[in-house]
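**Student:** Got chain A; can you put chain B on it based on the hints?
Residues per chain, in single letters:
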Amino acid sequence: MSTSTEAAAWSGGRRLTPADVRAVRFGRSSVFHPGYDDTEVDRFLDRVGEELARLHAEKAELRDRVHDLQARVEGATRREAPSAQAVGILAAAQQTADQYVAEAEALSRVMTTEAREHYEEQVRQAREKVGAMIQAAQEAAARIAGQDAGAPAAGAGADPRAAELQEQVVYLQAFSQACRTQLRSYLEALLDDVEREWGAAHPDAVPAAPARSRTPRTQPASGSSAAGSSAVTAARREEPATVEAAAVLLSEDSLRPDVPNGPAEGAARPTR
Amino acid sequence: MDVPAMRANFAKAAAAGDEAPLWFYAHLFLSHPETRQLFPVSMAHQRDRLFAALGEVVARVDDLDSLVPILRQLGQDHRKFGTVAAHYPAVGASLLATLEHFDDDWDDRLAADWTAAYELVASVMVEAAEEMADQPPWWDAEVVAHERRTVDTAVLWLRPKDPLPYPPGASVSLETELRPRLWRYYSPANAERPDGELEIHARARPGGPVSTALVRQVVVGDVLRLGPPVDHLRFDPDSDRDLLLVAGGTGLAPLKAIVDHVARNGPARRVDLFVGARLEDSLYDREDLARLEQQHPWLTVTVAVSEDEHSSLTHGDVGEVVARSGPWTSREAYVAGPTAMVDDTVERLLRHGLPRDRIRTEVFAPSRPGPDVDGKVTT
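Just so you know, the sequences run in chain order A and B.
Going by the numbering used here, the first sequence opens with residue 1, and the numbers climb by one from there.
Going by the numbering used here, the second sequence opens with residue 1, and the numbers climb by one from there.
One chain only, chain B, in its complex shape:
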């Protein structure tokens, strides 16, 4: 396999920008119309993702040790999209046609190399997907409760039809029929329960298709699809160190799941939970937090508002409030929320002497397409 020649060839297609993936998908849908239904109405984000993932593969094509895990993850992740082994040759043919279309120096040797490379990639992905055959590609989950908490926040309770095991603090991707083929990650706000129900915190982002549908359109009885859980926060359930949990916005969800886990499974440890919001009105879960704090003597909940001069709550950015309530140097910290809040909080904790390896974070960005695992294509 002439890797440099393949890279040079791929670079030509990549240089065409959006044109190349546009051409690829048009070719795929024309030659295999049945594949169109695997994709959302708007393909704009899809195109970015495809070439990002392909670029990743091409960059590592001579480093199988790092490429194979990515491909396996990709293959397993694609199950929920309804991808089956029969789709792989179709994609391969269109990929080759695209690479040929954008390269005037295309020759039989390149074609043979790419064919071989694609067959390898596809076989790894298919194999990894088939290893998961004992697990459903997605879980149907019925909405059993839907509470509008604020003007743009709702708390949903979902009951998966089959058991969906997940570690505390993990997130699951989710799709609603109202927005077909758009998957977004949400963290259950509870640890795994005997009845399997999941508490989901959804905030309608302006212009966000999935989040607005979850908050304003989904009703009790609707069935959502859930993808396999992804643990981005990486909560360590075996540690017995006291915890410091810092949440901004709906970043509360995975941290509430950790509180729930400690409550259900122990071990006994002090937990300080800080919840930050811009306005007092946007604190959507205070009642439940108050209940938890009352039930569990080891739990302290502090709510802070950053931009609400009329509020009687603690004022300030949540990171600042945490920092002045320290010291936290002996704690294990989990921080989840918007990018700026996470960065600010982590920086303050580091400055106050908390070691980096005891801080774990999850960023809740608007329209979060998925955890930014290398080369991972979601939605």
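Next comes chain A alone, as it looks inside the complex:
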């Protein structure tokens, strides 16, 4: 069995298979056995064949493993569908969070609604209170003014708005002070006249004299007649009663007769 063709086949690039190695036969160069020992060559070739077979098997196994791993890597990039358990956990977490948000919103709704109602109630009460105070002040002013025919009429209907209220309160304060001052001046002037002329005084004849108003005030009705004195004291006693309602608006100081009330005098002094 010559091997020249087979040797040529190897050199032709065909892959050497274990069978090739096993099948190879070497020729003898001479009758005297100058070549390799047949047995050793054959034994060696067997071992080569075994080795190659082992390597091929190993290679095939490795290739399979590579394919397997490659397939796994590709599968991983293709996003695995989330497990039902994971979906359930996230859903429960979301639901819990939503409940907390809803509860917080509901709480804030209740609190703001209550705060709003409270606020509106406070504003309403304050308005009512202010309205009552204004009315009381107006009534008081009207009563005081009523005692002096020359005093201008009290302010028109109350407007509940706060800014206007403030203005009105200030006006009424000034007005009631002016009324009292005027009344006092008149009474004091009357007293003077009574002292001088024994009741012959006529209101029209009495000049409104603030300069005079202060001096006799410290000792009202001193040395006056019984009639004059009683009239004056009655008027003075009456004053706190008439302005009783107005007292809520007017401070204690402004009611005391010895407190100077210059600006009020200037602001609302009657013309007569």
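Since the hints were made in silico from the structure, they are not lab data.
Glycine included, every Cβ here is placed at the ideal spot set by N, Cα and C.
Just so you know, nobody snuck in bad clues.
Which bits of chain B does chain A cover? Going by a derived footprint, with three or more residues having C-beta under 8 Å, they are: (1) 21 to 28; (2) 39 to 51.
Away from chain A, derived, C-beta distances all over 10 Å, residues of chain B: (3) V61; (4) V91; (5) D108; (6) P136; (7) V144; (8) R148; (9) P194; (10) V219; (11) D222; (12) H232; (13) A268; (14) D272; (15) Q294; (16) G326; (17) H352.
For the chain B half of the interface with chain A, some residues (derived, Cβ under 10 Å), not all of them: (18) A93; (19) V151; (20) A204; (21) R205; (22) P206; (23) G207; (24) G208; (25) P209; (26) T212; (27) L279; (28) D281; (29) E309; (30) H310.
**Tutor:** Below, chain B without anything else, positioned relative to chain A:
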């Protein structure tokens, strides 16, 4: 496509109530975590909306003529949420997984039908969104003024960075970073101005996350996001009929925009504006209304209070005040405000002989998620 089978399948998921959308969103966020940031912290309203919209689609899946406009609107509306074409397959996969999860009889045919249907829906939406590519998905707008007018009302002036054209009386959706991913509709109270600024009237609703933030937390310099305008009131700028405008609460805003439009662009027409409030204190824009009335001889403003016995203003529900100030039969009427006020006013106007087709309304409900256009998903 086996439409009855698809409907039967969808009905099974819908029957699971909140469970189905809950499952859907959990699946979506787990498989595509990047989509979570497109949604608000609380998903409760979102879930209702999703299945309402899906139900709409399923109901009309064999009536493309009515379905396509809805889908186009949906697609365009989703731009402001930051939705891009790449999100659609993710939603589709989770939708299919949900429909499968809630149906024991799920099979390959259903899967194929739903896949085909979803691809169609997505392609219409994506296409409609892409047609709007020349318009920004949203407008950044800086707060240039913020005035607290009453204990719970503020007037804001916004200046969009890019021009935002809108018809008078329209509304725009709005989002603040303070309440991410919560969009609410507000009507500018002015017609489009050369400088592009918008006047926004915000009333803090008790528990309302966006409105309270707008009134109490937003400050000058903040940047809000505005969505594309939606014209719900449908003001007709070409008509020259005299106008009757009836506002309740912040429903004043779109009507003030109409007054502004008439003032800026004409044509000359008489305008009677009635503004109703519960208490005199809650009338937040009287100064400006007085100024407008003084500037424009064609404008008459009447303010009425319904529950304020101390007020010297006209008393009564604004609808009643309007009705007794008539006749209005020749007018074109626009009514905006809370549901009860709008219903009452419309009913009275109809009774007084104003034809229905000349009354247009916009309801300003608390936490208004958006105009109730069919199947429209907002927020």
